[in-house]
Amino acid sequence: MKNTLKRYSFFFILMVINLAIILVTPEIGQKSLKITGDNLLEMLSVIPPIFILLGLLDVWVQKETMIKLMGEKSGFIGITIAFLLGSAAAGPLYAAFPVAGVLLRKGSKLSNVFIFIGAWSTTKIPMLLFEASSMGWKFMITRFIVDIPGIFLIALMTEKVITAKDKKLIYENAVDLD
Amino acid sequence: MFTVILYILALGLLLLSFIKDRKKTKMALKKAWKSFENILPQFLSILIIIGITLAVMSPETISKLIGEQSGWLGMIVAAVIGSITLIPGFVAFPLASALLKSGAGFMQIAVFISTLMMVGIVTIPVEMKYFGKKAAIIRNSLAFVFSFVVAIVIGVIL
Numbered sequence: 179m180k181n182t183l184k185r186y187s188f189f190f191i192l193m194v195i196n197l198a199i200i201l202v203t204p205e206i207g208q209k210s211l212k213i214t215g216d217n218l219l220e221m222l223s224v225i226p227p228i229f230i231l232l233g234l235l236d237v238w239v240q241k242e243t244m245i246k247l248m249g250e251k252s253g254f255i256g257i258t259i260a261f262l263l264g265s266a267a268a269g270p271l272y273a274a275f276p277v278a279g280v281l282l283r284k285g286s287k288l289s290n291v292f293i294f295i296g297a298w299s300t301t302k303i304p305m306l307l308f309e310a311s312s313m314g315w316k317f318m319i320t321r322f323i324v325d326i327p328g329i330f331l332i333a334l335m336t337e338k339v340i341t342a343k344d345k346k347l348i349y350e351n352a353v354d355l356d
Numbered sequence: 037m038f039t040v041i042l043y044i045l046a047l048g049l050l051l052l053s054f055i056k057d058r059k060k061t062k063m064a065l066k067k068a069w070k071s072f073e074n075i076l077p078q079f080l081s082i083l084i085i086i087g088i089t090l091a092v093m094s095p096e097t098i099s100k101l102i103g104e105q106s107g108w109l110g111m112i113v114a115a116v117i118g119s120i121t122l123i124p125g126f127v128a129f130p131l132a133s134a135l136l137k138s139g140a141g142f143m144q145i146a147v148f149i150s151t152l153m154m155v156g157i158v159t160i161p162v163e164m165k166y167f168g169k170k171a172a173i174i175r176n177s178l179a180f181v182f183s184f185v186v187a188i189v190i191g192v193i194l
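If you read the sequences in order, they're chains Z and L. No gaps in the numbering here: position 103 of the first sequence is 281 in our numbering, and each next residue is one more. No gaps in the numbering here: position 118 of the second sequence is 154 in our numbering, and each next residue is one more.
Just so you know, the hints here were simulated from the structure itself, not pulled from any lab data. Note that the Cβ used here is the ideal one computed from N, Cα and C, for glycine as well. Mixed in with the good hints there might be a few duds.
[To be verified] Straight-line Cα separation of at most 30 Å, DSSO-like style, residue types lysine-lysine; simulated pairs:
1) 165(L) <-> 246(Z)
2) 180(Z) <-> 70(L)
3) 66(L) <-> 180(Z)
4) 67(L) <-> 343(Z)
5) 100(L) <-> 246(Z)
6) 316(Z) <-> 100(L)
7) 70(L) <-> 284(Z)
8) 345(Z) <-> 100(L)
[Stated by the list, open to error] Chain L is faced by these chain Z residues, among others (derived, beta-carbon under 8 Å):
9) 180
10) 181
11) 183
12) 201
13) 202
14) 213
15) 229
16) 265
17) 305
18) 312
19) 315
20) 322
21) 325
22) 330
23) 343
24) 347
Build out the structure end to end from the sequences listed, making use of the hints.
Structure follows, in structure tokens:
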């Protein structure tokens, strides 16, 4: 119980700040609360299926299978799967991190997980159609083509900079987050 | 639309899992809840930070800051705003298109959209929880720089 209170303490502080803003400038405070409420509802509507799929993935897909598909020796296939998995995703970037946690726990290669994160953030297929309709096809296609090499570069460079020790910690941490 | 497909997929697989193995399904749901509750405090905090930020900054203010005439300074402002705010895509694209029509520059908008998608300052605590401080900072910094590359290419082509 005490632990729970501690975990949520920052959230409570922010709530108090928001209430203080309402007292000082009701207009901004109420608007802020409304935006927070809208976002919360949106989050709650997108997140349940993602976490259910995560739970199922965790229970049904064996570690050996995942290592074969996305692990150290998965090569081009692993990269392709990581890219497609990220591109097919829905939801904001922060929803990708728990998925990444499961991928790590199941033995995916770190650079593949970064490719997955990159694809989730920029080449989401459902979003692309929407982008084309509001920004025009030329804008969308240009961004898409430039983004693909960017995703791989960022993933490879991030993995290069990280030491073997950091890497070990990331994998150990993924197990603890279970 | 996509969320609907996601729900159908999740519920379909859940049903299949239930038919095949009840115990495993129960475990899967338990894991789902656990991993959700694990990041809930951060999620809630992030939502309030976004709420306050967006309430203080109106679309008019944003538009003034990243207008066509704002040049490099405008691009940097757009990149910083994009890195901090967390606007869902289906709100961001109409907003971007509205900003363009009211005189914002293509490059400023491109850098705004790219940082919006790839860089997450407010979500960095969550990211650090999974990847550690170093990896999270490196990934976000690289994405920040890369957003300018995207903007420059778009500026040249469009």
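So, going through the hints one by one against the coordinates:
In summary, the hint linking residue 165(L) to residue 246(Z) is supported, as the alpha carbons are separated by about 26 Å, within the 30 Å threshold. With a CA separation close to 18 Å, the supplied pair residue 180(Z) and residue 70(L) stays within the 30 Å bound. Distance hint between residue 66(L) and residue 180(Z) is fulfilled; the C-alpha atoms sit about 22 Å from each other, no more than 30 Å. At roughly 28 Å between alpha-carbon atoms, residue 67(L) and residue 343(Z) fall within 30 Å of each other, so this suggested pair holds.
Between residue 100(L) and residue 246(Z) the alpha-carbon distance is near 52 Å, which puts this suggested pair outside the 30 Å criterion. Between residue 316(Z) and residue 100(L) the CA atoms are separated by roughly 25 Å; this keeps the pair inside 30 Å, and the hint holds. Taking the CA atoms of residue 70(L) and residue 284(Z), the gap is near 17 Å; set against the 30 Å cutoff, the hint holds. The suggested pairing of residue 345(Z) with residue 100(L) is violated, with an alpha-carbon distance near 44 Å, which exceeds 30 Å.
For residue 180(Z), the suggested interface contact is broken, since its CB lies about 14 Å from the closest CB of chain L, more than 8 Å. Using the Cβ-Cβ criterion of 8 Å, the hint placing residue 181(Z) at the interface with chain L is not satisfied: the shortest such distance is roughly 11 Å. Nearest Cβ of chain L to the Cβ of residue 183(Z): about 10 Å, over the 8 Å cut. The hint is violated. Hint status for residue 201(Z): violated, given a least beta-carbon distance of 14 Å to chain L, over 8 Å.
The beta carbon of residue 202(Z) comes no nearer than 12 Å to any beta carbon in chain L, farther than 8 Å, and the hint placing it at the interface is violated. Here the hint on residue 213(Z) is kept, as its CB sits about 4 Å from the closest CB of chain L, short of 8 Å. The restraint placing residue 229(Z) at the interface with chain L holds, with a minimum CB-CB distance near 4 Å, inside the 8 Å limit. The interface hint given for residue 265(Z) is broken, as the beta carbon of that residue sits about 12 Å from the closest beta carbon of chain L, more than 8 Å.
Against a cut-off of 8 Å between C-beta atoms, the interface hint on residue 305(Z) holds, since the closest Cβ of chain L lies about 4 Å away. Taken as an interface hint, residue 312(Z) checks out: its beta carbon lies about 4 Å from the nearest beta carbon of chain L, inside 8 Å. Look at residue 315(Z): its Cβ only gets to about 11 Å from chain L, farther than 8 Å, so that hint breaks. Restraint check, residue 322(Z) versus chain L: the minimum CB separation of about 10 Å is more than 8 Å; hint violated.
Given hint, residue 325(Z) at the interface with chain L, holds; its Cβ is 7 Å from that chain's nearest Cβ, closer than 8 Å. Annotation: interface hint on residue 330(Z) violated; nearest CB of chain L at approximately 11 Å, more than 8 Å. Evaluation of the residue 343(Z) hint against chain L yields a violated restraint, the C-beta minimum of about 10 Å exceeding 8 Å. For residue 347(Z), the interface hint holds, since its Cβ comes within 8 Å of a Cβ in chain L; the closest pair sits about 6 Å apart.
Going down the numbered hints, you'll see the structure goes against 5, 8, 9, 10, 11, 12, 13, 16, 19, 20, 22, 23, while the others check out.
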